[in-house]
Amino acid sequence: MSIFSLKYLGVFSLIISFFSIFNIIYSYYFNILDNLTNYIITFVLSFFLGNVLIITKKYKFLKVNLYERILTVFIGYIFLPLIISIPYFLSSENLGFFNSYFESVSGFTSTGFTVFNNINQIDQTLILWRSSSQWIGGLYFLFSILLLIDIFDENLKKSLTNYISLNNSEIFKQIFKILVIYIFLTFFIFVLLKLINLRSYDALNYSLTIISSGGFLPNNNFDLIFSDDLSKIVLSVSMLLSFFSLFFIYNLIFFKKKNINYLSEDINILIYLILIIIIFFIFLNYDNNFLNILVSICSSVSNIGISFNQIPNNLAFVFLILVILGGSFFSTSSGLRVIKVITLIKFSINNILSHSKPNQIYSNKLSLNKISAKNTDINKYFLAIIIFLISLFIITFLLTISNIEFETSFKLGILTIMNTVNSEMYNLHGLNFYNFNLLSKISLVIFMIIGRIELLSVIILIKKFLFKS
1 MSIFSLKYLG VFSLIISFFS IFNIIYSYYF NILDNLTNYI ITFVLSFFLG NVLIITKKYK
61 FLKVNLYERI LTVFIGYIFL PLIISIPYFL SSENLGFFNS YFESVSGFTS TGFTVFNNIN
121 QIDQTLILWR SSSQWIGGLY FLFSILLLID IFDENLKKSL TNYISLNNSE IFKQIFKILV
181 IYIFLTFFIF VLLKLINLRS YDALNYSLTI ISSGGFLPNN NFDLIFSDDL SKIVLSVSML
241 LSFFSLFFIY NLIFFKKKNI NYLSEDINIL IYLILIIIIF FIFLNYDNNF LNILVSICSS
301 VSNIGISFNQ IPNNLAFVFL ILVILGGSFF STSSGLRVIK VITLIKFSIN NILSHSKPNQ
361 IYSNKLSLNK ISAKNTDINK YFLAIIIFLI SLFIITFLLT ISNIEFETSF KLGILTIMNT
421 VNSEMYNLHG LNFYNFNLLS KISLVIFMII GRIELLSVII LIKKFLFKS
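So in our numbering the end of the sequence shown lands on 469, straight run, no missing numbers.
These are computed hints drawn from the structure, not numbers from a lab.
Among the clues, some could well be false.
Simulated pairs of lysine-lysine, DSS-like, Cα-Cα distance not exceeding 27 Å [to be verified]:
1) 380 / 463
2) 346 / 380
3) 177 / 7
Values in this document were obtained by computation on a predicted structure and should not be read as measured data.
Work the whole structure out from these sequences, hints included.
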């Protein structure tokens, strides 16, 4: 591993140690001492590893090659959950190593699959640790997007940031900006939830979960906590903060007319969201239950996945489509990304029209965006869809041969790749991951990680090593 990789992982080890301290203080303050030793061990280990990885050798911020960046991100998704799994493994729940690792990977990838059968019986500090793991994973994902951005989209690389150059003057500025915005949005969600009279403990857990597009719930009373209309509206608005770009509010505040490109993606996905809500309201509004459906819409597009129990079963496929499309490119949501799909649709229509009217010239620019999509980016978008289908086929096959029925395997495969929790709106609420066999758990862990880094990154990495050998 390179010095850059070690220092990158070291920083996140220190972030884990910070949340360990937070849990230690919480345990002392509320006299919840059963798992206190576990967090002390986690703190000592993560703090020690973080410092060792960071201070091993001085590092000049030079340009880091693509393969090193992919390897760094990939190793992080394997290594960091090992540290996060310590409180699960040492807890009185007797989960064992792999169940503990499964829970930590699920949290760190912001997926939300859980091996716990009854959340209400878990130690409060462990519930807080689950939520914290999602928040750390969401932050890790945002930094990973920046590291791997030139794999996915050249235009977004130019318009988002020049962090990828990794020069000394830009790296700290971009990291600080992302961290401050991420913390601010978390606090903003916390305040919104407090305004609807959620107790601080629940508001904190939900805010950590929602901003990271995670699916871990702090209790089994979701339907009761968000029972009135105002709470459902607040919840929907909160979840949309992880649907739009992390920089959306920042760009609105510091908006300049000449920088309309910075807002173009969010404006396009806002139009998409409004159209989806209108279609649901007019055609799919059953039993005057629209606010419940609105929560499901916002939860699906942001890849959170949580929902109320009273959701029409015949909408499951529609919600899965919304999950696949996902949200903004630079957000904690997963999915194929709305802007890519819109660009592909426009490109396909333009190609059809160009054959029927060859004298006309058609632009691949989206409205409000002065930059046309390059052919290389169009090819990447098509490749992303192909890779998603390949990934879905593989994970569905692996789950099916693990004695899980095909429909469940297919739906669960989509949710795994898109890092979205199973819930009532997908008709998968009753799954018991604790009882899944080893093959199915390993398959889910692998594809939860692939869902965050995309199979294309893994293929590039494998090709590099095979070519070397």
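Structure-based check of each hint:
no.: 1; hint: 380 / 463; verdict: 17 Å, holds
no.: 2; hint: 346 / 380; verdict: 15 Å, holds
no.: 3; hint: 177 / 7; verdict: 19 Å, holds
Taken one by one, the earlier hints all hold for this structure without exception.
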